[in-house]
Amino acid sequence: MYTEQVMDHFMNPRNMGEIADADGIGEVGNAKCGDIMKMYIKVKDSVIVDVKFKTYGCGSAIATSSIATEMIKGHTLNEALQLSNKAVVEALGGLPAHKIHCSVLAEQAIKAALSDYYRKNGIDPEPIVGKITECDHDHCESCSED
Amino acid sequence: MDRFIYADNAATTKLSKSVLDKMMPYLTEEYGNASSLYNLGSKSKQAVESAREQVANALGAKPREIYFTSGGSEADNWAIKSAAYIGAKKGKKHIISTKFEHHAVLHTLEYLKKQGFEVTLLDVHSDGVVRVEEFIDAIREDTCLATIMYANNEIGTLQPIAEIGKICREKGILFHTDAVQAIGNVPVNVVDDNIDMLSLSAHKFHGPKGVGALYVRRGILLDNLIHGGAQEFGRRAGTENTAGIVGLGAAITDAVNNIENKTKITSEICSYIIENALKIERSRLNGHPTKRIPGTINMCFEGIEGESLLLMLDFKGISASSGSACTSGSLDPSHVLLSIGLPHEIAHGSLRLSFSEENTLDDAKYIVEQLYPIVDRLRVMSPLWEKIKQNG
Ligand SMILES: Cc1ncc(COP(=O)(O)O)c(C=O)c1O
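Residue numbers (our numbering), protein chains in the order written: chain A, 1 to 146; chain B, 1001 to 1392.
Possibly wrong hints are sitting among the right ones.
With a straight-line cut-off of 27 Å between C-alpha atoms, the simulated BS3-like cross-links for lysine-lysine are [claimed, not checked]:
hint, chain 1, residue 1, chain 2, residue 2
1, B, K1166, B, K1081
2, B, K1387, A, K42
3, B, K1389, A, K42
4, B, K1387, A, K131
5, B, K1043, B, K1062
6, B, K1114, B, K1171
7, B, K1209, B, K1062
8, B, K1387, B, K1014
9, B, K1089, B, K1113
10, A, K131, A, K42
11, B, K1113, B, K1090
12, A, K120, B, K1387
These aren't lab readings, by the way, just hints derived from the structure by calculation.
Generate the whole structure from the sequences, applying the supplied hints.
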């Protein structure tokens, strides 16, 4: 069902953990839907010098968060903003159709961390980052109930 | 991978060697059509009829009451639709069932609702057992059918079948039970249990896939499922799956003769797992602790998600299943776990282990040994676990 890359990131997640003195923390998803992603970033001179994640969710949720951290680590804030869920899916060699929402969640988790970083620095994040969609299960009853 | 443990026998079982050996002639030399007159054909006919006798004997039924099908789903569909049509002819269009039936039953009921039937789905409470009083309360003047599963496929709980059967008989309500998970796990007797219709499937007790049977008590007129030839008493046309039917007959005979032995093995395994895996903090056993088939257990581990748990177990050579949304292929966790009142976030972290007589206590020990570090590892990764811990 999953590609080798997905299984590799799932079994050997990169950058898993927390950053105690993070400059930005973002969390998306919810327990009811079965996935939560939390991203921590450390920023120096507009470059993401460190990133860590914690994820509750299925194999692809863990794999997408793991690879997403690799794709932004050492990159500028602007580059991180450009990271799309499509790029994440490609980097993993594809995801089953019903797992694409995991990649969207990973993209949103990074954006949420960036927003938090801007907010902490007195900058309104919305014009830069846009709106964060907490959950893309627009057809998910349990999400719309909340 | 040096170890392989199959712990998903509720999904399907391994075809037994002796059953395969009995099927083999009908896949090779004995290829005659059971409807043909000459010797080769009549040998197939004899094989089909002796399998019918075997299935009947296993259930305490008569051969004339056994119809072969393509499996449990077909038997469920056929029984429920037939009973509904019988009811409709008398102006009775109300059906009683439960919230946690297999989809083969629930989706058939959904279909019938569109045809104007009314369906009451009984609550199964937090222990996964229907209450007889609530069943009685649900009965109406126009109730034509009750369809209540013998044992649940996800949590293994047994239902008060004999009691409900008795009530149905008294009230003139047809009683169907999906016994797919019960056969070979607990003794089932259609007479003692007052069952009018019963579904079973060979692949759940070491028989082949794609073959099952429907028991229909003499005198109940089944609707014609497939029009055509005269097979299955003219109710289901099509040249018989001789090898499959022979396999079903052999497998059910072995299965019912082996219940005691299987129970001994699987209860030891399950007791060990229940006792040891549930020492993991914030874990629970789903469903009634004793009213259950001996070989199926369903547990939840808070703060983790079922699919990632299964992937890690698979990596250690353990095949199991879960009712999480990710594994159910939908956005919601399994309807069975929700029906016993589990919140979504806990249902997502479920694990079903189901054993057969081919498993050993050693398997149980290995599973528990692997479970601890895997649950730990997923919890370390989980922001939800962090929250659970913070909130105490
Ligand atoms: C309770 C129950 N009913 C029906 C079925 C369907 O049986 P089959 O796969 O033979 O159609 C299953 C098995 O998946 C089951 O567990």
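To see whether the hints hold, each was checked on the structure:
no., hint, in the structure
1, B/K1166 - B/K1081, "holds (22 Å)"
2, B/K1387 - A/K42, "holds (22 Å)"
3, B/K1389 - A/K42, "holds (25 Å)"
4, B/K1387 - A/K131, "holds (25 Å)"
5, B/K1043 - B/K1062, "holds (21 Å)"
6, B/K1114 - B/K1171, "holds (26 Å)"
7, B/K1209 - B/K1062, "holds (24 Å)"
8, B/K1387 - B/K1014, "violated (42 Å)"
9, B/K1089 - B/K1113, "holds (16 Å)"
10, A/K131 - A/K42, "holds (22 Å)"
11, B/K1113 - B/K1090, "holds (17 Å)"
12, A/K120 - B/K1387, "holds (23 Å)"
Of the hints listed earlier, the one the structure fails to meet is number 8.
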